[in-house]
Amino acid sequence: MTSLSPANAEQLRLAFQRCNDMEGPLSERLETYAAAGREIFPAYSEAVDRLVARLHENGGGENAPKPGEAMPPFILPDETGRLVNMESLVAQGPVVVMFYRGHWCPYCRLNVRAVIQAQDQIKALGGQTVAIMPETQKYAERFKFDSGAPFPVLTDLDNGYALSLNLAIWLGSEIQQLLSYLDLSEFHGNDGWVLPIPATFVIGRDGVVKARFVDPDFRKRMAIDDLLAAVRSASEGR
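Start counting the sequence shown at 0; every next residue gets the next number (numbering that gives the first Met the number 0).
Source of the hints: derived by calculation from the structure; they are not laboratory data.
Keep in mind that the hints are not guaranteed to be accurate.
Pair ranges (Cβ atoms, derived) [what the hints assert, rightly or not]: (1) R17 with G147: 18 to 26 Å; (2) N57 with S4: 16 to 24 Å; (3) E22 with D145: 18 to 26 Å; (4) S87 with A123: 18 to 26 Å; (5) E22 with P149: 33 to 41 Å; (6) E9 with F144: 31 to 39 Å; (7) A42 with D182: 35 to 43 Å; (8) E22 with G147: 34 to 42 Å; (9) E45 with K122: 35 to 43 Å; (10) E45 with F144: 19 to 27 Å; (11) S87 with S4: 26 to 34 Å; (12) F144 with L82: 19 to 27 Å.
With a cut-off of at most 20 Å between alpha-carbon atoms, the simulated SDA-like pairs for lysine to any residue come out as follows [claimed, not checked]: (13) K219 with P76; (14) K143 with S179; (15) K143 with P76.
Ideal Cβ placement from N, Cα and C applies to all residues, glycine included.
All chains, full assembly: derive it from the sequences and hints.
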């Protein structure tokens with residue numbers, strides 16, 4: 000099994016920086032980085048393809064809350080340790096709830112940059128944003144600082160909330176070996192190698208899901224135009 004060499008790690012870092020600095024839609028940045036990953040670290044990309052295929056075959060993420068269904072409430076600590084609960088958030092307006100894999104995930108970092116760029120529009124529509132990740136407060140704080148996110152980054156320790164939404168997945172031994180250069184046990188406070196399927200939910204004031212994007216392929220994320228349209232619709236009570 001091919002591991003990531005320091006030279007390839009540097010190539011990936013530079014590819015990420017190029018994609019992060021790109022203009023254009025989020026999908027273009029994600030696809031460009033995925034293409035670079037296939038060239039630089041093909042063993043990982045091929046293993047991810049196999050994992051995604053298995054998840055699709057088993058309906059990964061399909062049973063997460065759907066539009067028209069109530070979103071199970073959460074009470075989770077933010078990067079400062081302050082408890083944040085969904086009911087208080089939706090009382091103020093529509094809420095965008097995003098699940099991220101971790102501070103180390105380049106696709107999550109590209110995604111959060113695009114969401115941050117759309118924050119003025121989300122706020123103008125009366126919406127709010129929260130990010131949820133399975134990392135301890137230390138790394139949630141790092142993710143918020145590094146990205147410059149102006150919204151809370153919540154810790155879902157042991158993926159408890161993600162599990163309740165049918166979003167948590169075990170990465171499997173193949174992916175675990177290929178990502179052995181990452182200390183996920185330090186990031187998570189456990190050695191389970193479980194991550195959430197990246198997902199975005201737009202929740203209305205009534206606590207009901209108005210729109211969602213759930214895809215086992217973490218290289219794909221909700222388009223910002225679709226996100227804004229969903230927040231606009233939720234703010235209008237539709």
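Which hints from the list above does the structure break, by number from lowest to highest?
When the structure is compared with the hints, numbers 2, 5, 6, 7, 8, 10, 11, 13, 14 turn out to be violated.
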